[in-house]
Amino acid sequence: MQYCGDFRTTYEKDVMIFQTPFIKVCMGFLGVALLALPFLIKGEYLWIALQILIAVIGAVGLNILTGFTGQISLGQGAFLGVGAYTSAYLTAKMGLSFWVGVPAAGLVTAMAGMVFGVPSLRLKGLYLAIATLASQFILEWVFIRWESVTGGSYGIAVPRPVIGDFSFESDRSYYYIVLAFTVVMTLFATNLIRTKTGRAFMAVRDHYISAEIMGISLYKYRLLSFGISSFYAGVAGALFGHALKFVSSEQFNIGVSIVYLAMIIIGGLGSIIGSVFGAVFMILLPKLLSVVTTVISADIPSLTRLVTAFEQGIFGLIIVLFLIFEPDGLAHRWRLIKAYWKLYPFSY
Amino acid sequence: MTTQYLLQLVISGLVIGSIYAAVALGFTIIYKATRVVNFAQGEFLMVGAYVCYAFLVQMHVPFWAALLLTILFALAMAVILERLVLRPMIGEPIISIIMVTIGLSLVLRSLVTAIWGNDILVYEPKLFPQETVSIGGIPVSQEFIWCFVLSMVLLAVFSVFFKFSKAGVAMRATAFNQQTAQSMGISVKSIFALSWIISAIVSGIGGVLIGNINGINSSLYHFGLKVFPATILGGLDSILGAALGGLIIGLLENLSDGLCKAYLDLSGVKEVAPYVILVVILMIKPYGLFGTKEIERV
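Protein chains in written order, with the working numbering: chain A, 22 to 369; chain B, 97 to 394.
Worth flagging that the hints you see were computed from the coordinates, not collected in a lab.
In silico lysine-lysine, DSBU-like type, Cα no more than 35 Å apart, as pairs: (1) B:Lys357 with B:Lys222; (2) B:Lys381 with B:Lys259; (3) A:Lys359 with A:Lys34; (4) A:Lys145 with A:Lys217; (5) A:Lys241 with B:Lys389; (6) B:Lys262 with A:Lys145; (7) A:Lys114 with B:Lys357; (8) A:Lys308 with A:Lys45; (9) A:Lys145 with B:Lys366; (10) A:Lys217 with A:Lys359; (11) B:Lys381 with A:Lys241; (12) A:Lys217 with A:Lys241; (13) B:Lys262 with B:Lys381; (14) A:Lys217 with B:Lys389; (15) A:Lys145 with B:Lys381; (16) A:Lys217 with B:Lys381; (17) B:Lys259 with A:Lys145; (18) B:Lys366 with A:Lys114; (19) B:Lys285 with A:Lys145; (20) B:Lys357 with B:Lys381; (21) A:Lys266 with B:Lys366; (22) A:Lys359 with A:Lys308; (23) A:Lys363 with A:Lys34; (24) A:Lys145 with B:Lys389.
From the structure, some residues in chain A lie toward chain B, with a derived Cβ separation under 7 Å: (25) Gly334; (26) Gly337; (27) Pro348.
C-beta atoms are modelled at their ideal positions from N, C-alpha and C, and glycine is treated no differently.
Isolated chain B (complex conformation):
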């Protein structure tokens, strides 16, 4: 066990964590504006990765255009799904909404397997240069740096968007109180659609980034399940929380896995560590680190 090994664990943890953070952001946006828990978030990521693959590798479109087309595709998909599936469910109990998004995730997953099959596909050519650079003596792959930087830019752009843009303010108003927002001239329907669009786009880009590092196959949706610990850890309705939660989960997951492998000869801790962390955190802080504490009166 060297310091270098430890630092490498930290770096790859942060990179994966930054993608968790991006997907968690998508999850939080939907939850904040519409109170819908989207269990299909991982499938959004998977669809993004595959669509970008289709444009980039199968149709030989340059990367920037492929990314743009993927974003447009995510936008269209979000609008259609929101209109057809989620809007009729407004006002239904939370458990039905959970179930509807689970049903949706099965449909998306089977569409993807029907079109692209189960094999691992690789982005060819790679999106980012492969050479490693040295940061403080530790060799780090350039794509890791790109991946991390891009996710962080994405998170920064959207936090600015929520704070200052007109649409962002309207979204926050809707999240605060739908009726009041409506009486102020905000179209709640278009805010709902907008939140799904942003969420699908952010997750789609996350999918492209992770697909570039690990290759893509149909088990990519597992990423969505890791996003729950990340969002809950940060607090369901906090954007800052989603970002931090993603990074923390990615880091802890990688560190615990690496340390258990090195010291305890115990492999596969990766799959379960985020959930153990989640339960422990929830016992101490039931609304996550930054979640809004609901004050209830009778």
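Chain A extracted, bound-state conformation:
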């Protein structure tokens, strides 16, 4: 988005992340707002904010794989789980620090993601989507059965991070750690897609045969995008585990994978800002729905069973309606709004 008279004369200007001074100011305000947030809200609302930040990491990761490289993955939930269990095992059972556990979780999940990404050389589209669905079920099964590591159906209790004498036991202090991770990883992703690697991803997505003819190694980049995406999932899962202080297999079922897929589709495929919008939307929506259902069932107790049953249904219905009426996602709507204000009051 540029102003009139904003002519770019160098490549450096063309690829800047923050294009204009106005955007820099806006991002500054956003940063201040995010830093001040824990002092403005508390309790459950702070917990929701934490969940959103973690979901942003996972959604950005999935968008790199699905939105930018064009490989549908139905296994993001399980990869979050791999990260959460890795960090939980390292911190709770081996006594290592949080600062070792989270990066290790990212790396281990990246390895796992690449193992399950190996079929991606031969499989395309739907066949690959179902192969990732298989990874979801296989990993979920491993979570429950590998009791010596995962604690089986009991799960593992996980500590919050500590630096020296200071413990990040409160949600407020832990929020800042998560915020730092989210900002760094989102900026990294924004940068990544401007590099040679990012453009290779998009070339593979848009036309893989042409990409291969241009000398892009399909195998390398497909596997790499699985690795990077799973790294993000692993970090998000680990942060989530430490946030909940507890890791168990139900937190990483197929439903979670579907919610993450919904995030990037509703937010906008192939758009980093879209992943953020999608994460905010998909985390807030169920909370709003449960507020509504609690109010209704408090007023009319006889409807409780009916209303709780419909909660999931309305969630599904909103996804369906969204896809029918806004198929390009929130990121597209965001562009239209920006264009509207740029051109206002002229409609051309």
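With the hints as your guide, set chain B onto chain A.
Okay, now just chain B, sitting in the frame of chain A:
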């Protein structure tokens, strides 16, 4: 471990597999004609089972009439869903279509739980006689035989339908090339609707059969998730593949589960075995056993 135990595993595997095959057929029909991956296939099965329960047990309609009414209900549901939800999605990327059917599955699931609750319901009276008959010395429940025979008849009827009937040929033409089909006077829109109708009916009948054996509750939709390995194994767009894939998955699932329980003291292999098999097969044959290999040129 006796031969008898092994044979029983094989028989119950084949019976469950025949229902997988029926549902996989429904999945394949939709995919073949419209290129839509229907993640709500398991919910179609569940809705069929519950609607038949409502007619049969709650309204005391005789079985043949209940089955007919269930089929009519499935038909109506398919037409409405196709018209309202799937048609606006034509031309959207495959991932959006996957998501729309997932959303649809959530809606159907919550409707079913809202109406019938979460308890296990049982078909009363049972649809088929309960006495066991002996096949080569092994006692087999008669309902197993009925179930298997009915699924196989269903599969046979539809393969004949695709090969020889006018509508079947039109569906194959549409699957091959939509524009050409349209220029030959085939209404692609009604073919799309027809494929959803057939799919819903076949899955609905599958739901009635499985509901009769195991009882029905809201976790019946898990069946839909088992159908993916079955269809992929056979090849997404092959009807013969769907039938064989269903049988193979049912058989392998039951055998691996039974053998692991007996020898390795490892339970719950059932849930994961089809997916392991799926990954192994896909590594060897990326388009399944009978799937069309896409030839790509630049």
